[in-house]
Each structure stands twice: as structure tokens, then as C-alpha cells.
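Visitor: Which chain is which? The protein sequence lines are A and B, in order.
Residues in the first sequence are numbered from 8 upward in steps of one, following the numbering used here.
Residues in the second sequence are numbered from 8 upward in steps of one, following the numbering used here.
Treat each hint with caution, since some may be false.
Pairs involving identical chains hold if they fit within one copy or between any two copies, as the list cannot separate such chains.
[Stated by the list, open to error] Here are the computed lysine-lysine pairs in the DSBU-like style, where the Cα-Cα straight-line distance is at most 35 Å:
1) Lys-477 <-> Lys-318
2) Lys-115 <-> Lys-280
3) Lys-318 <-> Lys-465
4) Lys-280 <-> Lys-31
5) Lys-318 <-> Lys-424
6) Lys-31 <-> Lys-424
7) Lys-255 <-> Lys-477
8) Lys-367 <-> Lys-38
9) Lys-424 <-> Lys-255
10) Lys-255 <-> Lys-115
11) Lys-465 <-> Lys-31
12) Lys-38 <-> Lys-318
13) Lys-31 <-> Lys-255
14) Lys-31 <-> Lys-318
15) Lys-255 <-> Lys-38
16) Lys-367 <-> Lys-31
17) Lys-38 <-> Lys-465
18) Lys-477 <-> Lys-367
19) Lys-424 <-> Lys-115
20) Lys-424 <-> Lys-465
For the record, the hints were derived by calculation from the structure and aren't laboratory data.
In this text, all values refer to a predicted model and were calculated from it rather than measured experimentally.
Number of protein chains: 2
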Amino acid sequence: MIAISDHKTGTRAPGAQQDDLLQKLGAICGKSNVLTGRQTSSYARDWRGQYPSHPLAVVRPGSTQEVSSILRLANEHGCPVVPLGGNTGLVGGTQTEGGLMVSLERMKRIRAIDPAGRTASVDAGVIVEEVNRAVERFGLRFPLAFGADGSAMIGGALSTNAGGANVLAFGMARALCLGLEVVLPDGRILDDMVALRKNNTGYDLKHLFIGAEGTLGLITGAVLTLTDLPTTYATALIGVNALDDGLKALGRLRRACGSQLEAFEVMPESYLKRLLGSQEAPNFPFPEVPVAAILVELASSSPVDCTPNDKGETPLIERLATELGDCIGTGVVTDAVIAHNAQQRAALWRLRDTAPELTKGLTPVVAADVSVPLDLIGEFEPSLQQSVRSMDPDALFWTVGHLGDGNLHIVVCTGDKSPEHMARVRNVIDETTMRFQGAFSAEHGVGIQKLESMSAFKSPVALDLMRGIKAVFDPNGIMNPGKVLPDRLPGAMHEK
Amino acid sequence: MIAISDHKTGTRAPGAQQDDLLQKLGAICGKSNVLTGRQTSSYARDWRGQYPSHPLAVVRPGSTQEVSSILRLANEHGCPVVPLGGNTGLVGGTQTEGGLMVSLERMKRIRAIDPAGRTASVDAGVIVEEVNRAVERFGLRFPLAFGADGSAMIGGALSTNAGGANVLAFGMARALCLGLEVVLPDGRILDDMVALRKNNTGYDLKHLFIGAEGTLGLITGAVLTLTDLPTTYATALIGVNALDDGLKALGRLRRACGSQLEAFEVMPESYLKRLLGSQEAPNFPFPEVPVAAILVELASSSPVDCTPNDKGETPLIERLATELGDCIGTGVVTDAVIAHNAQQRAALWRLRDTAPELTKGLTPVVAADVSVPLDLIGEFEPSLQQSVRSMDPDALFWTVGHLGDGNLHIVVCTGDKSPEHMARVRNVIDETTMRFQGAFSAEHGVGIQKLESMSAFKSPVALDLMRGIKAVFDPNGIMNPGKVLPDRLPGAMHEK
Numbered sequence: 008m009i010a011i012s013d014h015k016t017g018t019r020a021p022g023a024q025q026d027d028l029l030q031k032l033g034a035i036c037g038k039s040n041v042l043t044g045r046q047t048s049s050y051a052r053d054w055r056g057q058y059p060s061h062p063l064a065v066v067r068p069g070s071t072q073e074v075s076s077i078l079r080l081a082n083e084h085g086c087p088v089v090p091l092g093g094n095t096g097l098v099g100g101t102q103t104e105g106g107l108m109v110s111l112e113r114m115k116r117i118r119a120i121d122p123a124g125r126t127a128s129v130d131a132g133v134i135v136e137e138v139n140r141a142v143e144r145f146g147l148r149f150p151l152a153f154g155a156d157g158s159a160m161i162g163g164a165l166s167t168n169a170g171g172a173n174v175l176a177f178g179m180a181r182a183l184c185l186g187l188e189v190v191l192p193d194g195r196i197l198d199d200m201v202a203l204r205k206n207n208t209g210y211d212l213k214h215l216f217i218g219a220e221g222t223l224g225l226i227t228g229a230v231l232t233l234t235d236l237p238t239t240y241a242t243a244l245i246g247v248n249a250l251d252d253g254l255k256a257l258g259r260l261r262r263a264c265g266s267q268l269e270a271f272e273v274m275p276e277s278y279l280k281r282l283l284g285s286q287e288a289p290n291f292p293f294p295e296v297p298v299a300a301i302l303v304e305l306a307s308s309s310p311v312d313c314t315p316n317d318k319g320e321t322p323l324i325e326r327l328a329t330e331l332g333d334c335i336g337t338g339v340v341t342d343a344v345i346a347h348n349a350q351q352r353a354a355l356w357r358l359r360d361t362a363p364e365l366t367k368g369l370t371p372v373v374a375a376d377v378s379v380p381l382d383l384i385g386e387f388e389p390s391l392q393q394s395v396r397s398m399d400p401d402a403l404f405w406t407v408g409h410l411g412d413g414n415l416h417i418v419v420c421t422g423d424k425s426p427e428h429m430a431r432v433r434n435v436i437d438e439t440t441m442r443f444q445g446a447f448s449a450e451h452g453v454g455i456q457k458l459e460s461m462s463a464f465k466s467p468v469a470l471d472l473m474r475g476i477k478a479v480f481d482p483n484g485i486m487n488p489g490k491v492l493p494d495r496l497p498g499a500m501h502e503k
Numbered sequence: 008m009i010a011i012s013d014h015k016t017g018t019r020a021p022g023a024q025q026d027d028l029l030q031k032l033g034a035i036c037g038k039s040n041v042l043t044g045r046q047t048s049s050y051a052r053d054w055r056g057q058y059p060s061h062p063l064a065v066v067r068p069g070s071t072q073e074v075s076s077i078l079r080l081a082n083e084h085g086c087p088v089v090p091l092g093g094n095t096g097l098v099g100g101t102q103t104e105g106g107l108m109v110s111l112e113r114m115k116r117i118r119a120i121d122p123a124g125r126t127a128s129v130d131a132g133v134i135v136e137e138v139n140r141a142v143e144r145f146g147l148r149f150p151l152a153f154g155a156d157g158s159a160m161i162g163g164a165l166s167t168n169a170g171g172a173n174v175l176a177f178g179m180a181r182a183l184c185l186g187l188e189v190v191l192p193d194g195r196i197l198d199d200m201v202a203l204r205k206n207n208t209g210y211d212l213k214h215l216f217i218g219a220e221g222t223l224g225l226i227t228g229a230v231l232t233l234t235d236l237p238t239t240y241a242t243a244l245i246g247v248n249a250l251d252d253g254l255k256a257l258g259r260l261r262r263a264c265g266s267q268l269e270a271f272e273v274m275p276e277s278y279l280k281r282l283l284g285s286q287e288a289p290n291f292p293f294p295e296v297p298v299a300a301i302l303v304e305l306a307s308s309s310p311v312d313c314t315p316n317d318k319g320e321t322p323l324i325e326r327l328a329t330e331l332g333d334c335i336g337t338g339v340v341t342d343a344v345i346a347h348n349a350q351q352r353a354a355l356w357r358l359r360d361t362a363p364e365l366t367k368g369l370t371p372v373v374a375a376d377v378s379v380p381l382d383l384i385g386e387f388e389p390s391l392q393q394s395v396r397s398m399d400p401d402a403l404f405w406t407v408g409h410l411g412d413g414n415l416h417i418v419v420c421t422g423d424k425s426p427e428h429m430a431r432v433r434n435v436i437d438e439t440t441m442r443f444q445g446a447f448s449a450e451h452g453v454g455i456q457k458l459e460s461m462s463a464f465k466s467p468v469a470l471d472l473m474r475g476i477k478a479v480f481d482p483n484g485i486m487n488p489g490k491v492l493p494d495r496l497p498g499a500m501h502e503k
């Protein structure tokens, strides 16, 4: 299981090479920060337990300089390196057999906060939620909100270009990063920790590392952009007769509310039926299950928006009520309820946030995360459902997601749990997505889970350029090997 | 002057090689679209006439396929290729001696508009303003606003990652692009024309081409994001006693108005004095010249914001008046006037938009375009002025720019116009900018103008990675050679 190559370490036995490497790692960051054997078990298990690892060791550097020494050493030994943040990924991006896991858990420093420029400069090991706690006192927030943000670290959120519910207003993790510090596999440090909103000085290298899932270098620091902390929310659940009606409501709300519209989360009928049939079925506010329910949320930091009138309604709630009233008047929306307090808001969000629990007792399932252009999503969802059912009539199928981003998470609980059948179902999802000009990974990334999709559907020209870049940044191939980039096909058809 | 290498075309004389190349170009896109000699003169002159070119020919392809054939041919002949959009750049990014200029002026197709998804798919030869004309009827706009947007083409705006006055609300050109079509130097077409807001399927290659100034490939198409067309504006001029006070007003306005705040343009005293002393001095609304005047603009597409009250004031104007009134009350702002109609709004913008005319009769001048972190800009501006004056006490010096982005355009009209002295002045600007953790090019790019700054101030690690990427994408070095990437220093100190 040990993947250390011996072409640089001479003729010693593998065991001696390992001991040598571990000893040198201990010298770099202290013996207590080099974990082996059973000590690695909590790191070796990913969030969902789908991609167990057997690392050579877990090393916990305390500084960028230590990361640099570790990578230089690993590079000399030809030892695979797997960067490890909160380990909350869903696609096997940290899986390893014999590689060195580099955990950033000790690199948790908030380096600087600039309230005027609305930036925070942080170590990559800082947890997403901790950034928010650090900047809250300035009336600011880091507006990246996703299920795992209480565990996920900034380095991982950037390496996977995390998305979530607020992408509609603020973009993916990529859009929230101004600068990076990255250690390259040979130990060199790329210091691009700039807090600049305009910076046209050559190729924008940070965008290569963001979303590269640790295959090009190890992110050790980042300069993040911040936005105002909302002081008030207006949250509603609406029902629509078609996803295209949802898009009409989206257009109207955006025109009226601009970037105050922070979430537009869709729960199609397939999801609602599963949700309401589950054991802990939450209260559902509409008499009937609509074709889709959509969770709409406005947020504002403006003092004028948060002062309630004598009925206890804020101007923000009034604005939402007016717009939704008009949507109902024109028949675009069939039902609507607005939360009037934090408890009601939480109850509406629970409908959406229960999504991960719905697969309990059903695993393994085929879980996909796709996006399509917005004008096609209304046709895509039923078409996908039909394609899946035509090959597996008994499958449980539901979708839930971020309508404003054209992003649906798909769950198919197949009757036949054989890997072959499940692979066929995944392939049907991918093929349908590609037919609708979509992406087979919207926000979860490739990892090892979607390597076959990369081989099948990514443009050969893009793959060729990606491989060229990989060879420049990581000539020895030590950085998170086997992720993102599929092996070349037999016959190397994309070779020049 | 002819830069065709002969290592691939054998032993024929250069003249014969040229004739051969021109004939083949004519066969690809029609003889009338291959211009030589005097026919090239309007293409060979850049906007400001600072970087005259002597191209082998100007070729005007009509399709991506023709661009592909042209690049493949040029690559085989080792002939430099210079992509040409509206030719409005300021840094010599299209300068060539003997290269083939590929003008995109015939590629002007709006390929598709998705009003629901708010995207437009266009040829790279479409002029920025034309995108706006095409999407206006859907109540949408492409919110990239800069001086040359009536001439600049989408391909050039993306290749240079154009900025401008609305970056504060919408980001640079990079942030407004979802997908690209690029022809690589060997003629292969990278088709990444996706209209997806979430797309995590490997390295995000489009961000390499955006801002690469045509050195990695030739952009032939793009999918752009659109935003709502404002139906009403509220525009004001404010005076402040310090740039840091301007930042306080910025923070307050953002909290109150979110992304409705679209412009926050700063005109420091140095600029105002030059402006008001010029021949066509516009009316200035304040009794005295403040330390800085700032043009503030809110925009809204919300129907409720544009209905005027009985005094003719829209709710948007009332909001701005309230916030500025409070700023005056707390002493952050010293003076303020609000435009109450389109004419008054235009008059305020004229104060800012006159900037390019102020160098009339003074050229050559040292013109720089830098950015610094926002919390340092209040100290940076006077410090820079002092540094320049200490080496050239008689120089005319002014700055003007985008305060919300930390971006200042600097003009120094030196007494001594020798290239050596002007280079020293530029160097002082660069050094001061770097001392304040800034960028020596905020939005204009590198071209050939800032090659020395790249050599002196860009991280050697970044330069090394950029050169590696260039070698992968353009192994024969035909794409816009001599731009962006400085030659290696004698002794190749960055070589491994």
C-alpha cells in the first residue's frame, strides 16, 4: 500500500525509506505532529465514510514554512501529498493509499482584517464559520454558506471552489478570494496575498489553484472579501406550478430587490414527497404539494430596512410581501408564506436543510450534483426523471437545489445496488445533463468520484491543457495524485 | 522588420515565404480580408498613437473556423500573431513589428440571449456597447463601463480584464464571463461556451485566457453575465477632508444601499486644480476645492425606487439624500450636491470623464494605473505625491480614480522629458505602490509598457509559473510575443 517510489532514495528497503521520511517530518514540525497507525483513523475517514484512506502518516504543520519543508521533502522522496482541511468533501478528494496527509488544523491564524477595504487575510486552516465570528464585530461577514461551513476550512473551500445557498448573490468561493499563498510541490512559496480588487499584472494564477482540489499546490493562506452583515431577513416559501414560473418570480424579485435576494432554493415535488413521507416530516405550510416549493430569502444591512412597523413587519418583509402578492396576482406563484420571526424562518430553512438526512437507511445511492443553463432547467428536471425511470422504474428519485444557479442535487436510490447498475444510472444522469449543455459537477468537484465523467465528457482539448499545466506545476506528480485528472486513455488518443 | 522564422519553411527567401503565407491567408478568408501596406495604417495605429505597428498584414477572419486555420498556418510558419479588437488599449498590447494582426471586426454575431438566465453568448468582435444595445429590450445590461466601451470589443475587454467605474458593484470583466471559446496557437478550438453559474469540472481555464492579453490563445467567443437595466439613478458629488473620510462614507453607503452603489469615483485636489484651471473648465458646485471630491452613484431597477414624489424626487434620491445628510451631520462629508435630472447627472459625470483630456498639450507624460489596499490609500496618495515631487519639484502631478477599488490613475508631467528621467519617475511610482502592498497595474494591463515593472516587482515564482504555462499553451511563442512576460534576465536567475 506504500506508494513511495525509490528512484530518488536509492537502494534502501521501503521500510527504511519510510522511517527516514517520518524522522525528517518529525524534525520539521515536531514528532507529536506526525501521526501514524491508529492515530490517523479520524483523518483517514471522510465525512460520509465513502472513501476510506490508508495514509502513510498525517502531518500537522504549524506554519507555511513547515509546509514548504514538508513538500520539498515529499517531492524528493516521490511521496504523494494529500492536503487535508475539514475533510467534508463528497467526492473522495482526500482519499489516499500510502500518501502523506497534510492537515492544516494547526494553521488557524486570522492574519489581518481590513474593515474599510472589507477583507480578511487568514491561514488556510481557519474554519469558514470562524472567519465569520472574527469579522462579525465589524458588522461584516464572509458570505459563503454551505452545509459543512462549521467544519470546512478555508483552504478546502477554495481548493474545491465551494458554492452553497448564497452563490446567487455573492458567487462561488472563487469570487470571494482576492489573494492566495500557495506552497508548490518543490517547496517554493507563491506569495500572492494581495488585498487588491484590481490587479492586472499577468496571468491570474490564483484561479488555477482555486478548484484544483490540491493537485497543483497546497493553499496555506488567503485574502477573502467580506460583505455587510445582514441586520434583517425576509424569508418566504412559495409554491409554483412549473420551474419556469419559478424563474419568472426570480426575475421579478431580482429586479425589485437586487442583491438583497440571497437565496432561491428549489424543492421539486419529488423531494417534497420524500421529505413529507419521512419519519421526522416537518410541518409543511401549503395544503397540497406543489410542482415545486421555493425558499426565498432577502437580507439587508440597511438600518431603514430593519425597523418594524406597528404590525411588527419590517420594510424588507413588506417589500417581499408586495412582490409575492403581485406574483400571486399574475398566477406565477400559487401559494406563499412569509416568516415573521426567527423561529418561523428556521422552520422554513429546515425544509431545505433536511436534504442530507433523506438518504438515511437508503445508502448506497447515486448522488449527483449538476447544473444546466437556467432557460433549460424547466425541461431538464422532468426529462432527467423520465430517463432514470425508464432504466430503473422502481428507483426512488428526487432533486433539490439552487434554482437561481441552475444547480440541482440529484439522488437516485436504485433497486439494484450493484456497482454496474449504479454506474449506468450515473451515466444516464451525466448524459442527460450534457445534452442540456450542463456540467456534471456543479459545486462538489471531481475528486475520484467523477473521473469517469471527466474522461467521457470533458473536452479533450481542455484535458490536454490541464495535463500540461499539471506537468508544469507538479512535474513529479506528488500533489493529490489520481484526483481531478483522469488517466490517459489506452492509446493516449489525446497525445500530440 | 519581418519576424517570420525560417526553421519550418525551409530554404526559400523571406519574400517568397511571405508571399506564400499571404496567399494561403487569402485562401482561408478571402483576398479582400488580407490587408497589407497602406491598407493596414488604421489598424497599425493604437488609440493614443504611442505604440505604432508595422504588421506583415492585417487579416479579418469571419468565423472561429477561419481563425483556427489562420493560427495553424501562422504556427507552421512561426509567424507572430497579434489579436486585435477595438485597439483601445493603453499599454502597447497590440504593437508588432512584422507580425500578423488578426482583427475580429467581422465577428460581430450575438449568438444567443437567455433572458431568464441573464446571459448573452457573443462573438468576440462584438463591441461592448453593442452587447448593451442587444440586451436592452429584455430590461438587461452588460454592466462593464469604461471610457472606451463604445469601441472596445468583448475579446479585448476580456483579454485585458477591463475594469472601469462599475467594478465596485459588478467586478472586473473576469467576473462577468461564464464561458469562453478560444483558438489555441496550433489551431485547436477550446469550446467552453457554457452558460453555467456553477461549474466545478477541473481547472478553470477561462481565467488563464482572461487577462493574458492574447499571449496564450485568441478569444473568439464568450458567454457574458447580464444584470438588470437600471430604471433610475441617484447621483451626487461630495467633498471630503481626507480620503479616509471618503472610505467612511463608502462604508455607510454600502451598508445602506448594498449593490445599488455602483460608482464611487474619487477626484483628489491635485486633479480638481488641474481640471478647474483647464481651458474648458466645467462648473464646479462647491465654493472651495476640497481635499477630494467623490462622485457617488446609486442605480436601481426596482419599480418602487423610480416613482417620484410631489417634489420630483425618487425614493432612490431620497435615500441618497438621507445618507449624505447623516454623513454631513457627523462631519465625514463637508459638501454634497445631488443631481435632480439627467442633465445635472451628466454635468457631474463630466467632471470625472474629462480626465483623459487633461493631458492635452502636455504629452509625453508618465501615466500610471495602480491599486493599493483600501486602508492604505489615504496615506498612499500624499506619500506618492511627495516622492514624485522630491525627485522632480516642478512636475505637474495629479491622480483620479476609483476609490471603492483602491485604484488611482496617476499622471506626472515631468519638466525633463528625457526617457531616462521619465523612467525614473515611473520607477518611483512603482516602488511607492509596492511599498504600500499595491499593484503596478490595476486595470490597464502590462502590454509592453510595464514589462520592466514585471521584471522588477513580480514574484520570480509567479513569473516562472507564467513562463511554464506559456510554454504549454504556445510552445512556438507565436501568440502576441514580447507582451506581458518580460524576457528572462541575463544569467537567467529564475531558472531552476
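Visitor: If the cut is 35 Å between Cα atoms, do Lys-477 and Lys-367 qualify within a copy, between copies, both or neither?
Guide: neither (38 Å within a copy, 49 Å between copies)
Visitor: For Lys-255 vs Lys-477, is the C-alpha pair at or below 35 Å within one copy, between two copies, both, or neither?
Guide: neither (43 Å within a copy, 44 Å between copies)
Visitor: One pair to classify: Lys-255 and Lys-115, alpha carbons no more than 35 Å apart. Within, between, both, or neither?
Guide: Between copies only: 30 Å across, 43 Å inside.
Visitor: If the cutoff is 35 Å on CA atoms, where do Lys-424 and Lys-255 land: within, between, both or neither? Let me know, please.
Guide: Intra 39 Å, inter 60 Å, cutoff 35 Å: neither.
Visitor: My question is about Lys-255 and Lys-38: at a cut-off of 35 Å on alpha-carbon distance, are they close within one copy, between copies, both, or neither?
Guide: Intra 60 Å, inter 49 Å, cutoff 35 Å: neither.
Visitor: Please sort Lys-280 with Lys-31 into within, between, both or neither, judging by C-alpha distance up to 35 Å.
Guide: neither (56 Å within a copy, 64 Å between copies)
Visitor: Measure nothing new, just compare the shortest in-copy and cross-copy C-alpha distances for Lys-367 and Lys-31 to 35 Å and report within, between, both or neither.
Guide: Neither, since 44 Å and 65 Å both go past 35 Å.
Visitor: Is it within, between, both, or neither for Lys-31 and Lys-318, if the alpha carbons may be no more than 35 Å apart?
Guide: Neither: 68 Å inside a chain and 77 Å across chains, both beyond 35 Å.
Visitor: Is the C-alpha distance from Lys-31 to Lys-255 at most 35 Å within one copy, between copies, in both cases, or in neither?
Guide: neither (61 Å within a copy, 51 Å between copies)
Visitor: Is it within, between, both, or neither for Lys-31 and Lys-424, if the alpha carbons may be no more than 35 Å apart?
Guide: neither (45 Å within a copy, 59 Å between copies)
Visitor: Can you tell me if Lys-38 and Lys-465 fall within 35 Å by alpha carbon in one copy, between copies, both or neither?
Guide: neither (43 Å within a copy, 37 Å between copies)
Visitor: When Cα atoms must be at most 35 Å apart, do Lys-465 and Lys-31 count as within-copy, between-copy, both, or neither?
Guide: This pair counts as between: shortest inter-copy Cα distance 33 Å, intra-copy 40 Å.
Hint check: violations occur at hints 1, 2, 3, 4, 5, 6, 7, 8, 9, 12, 13, 14, 15, 16, 17, 18 and 19; the rest are consistent with the structure.
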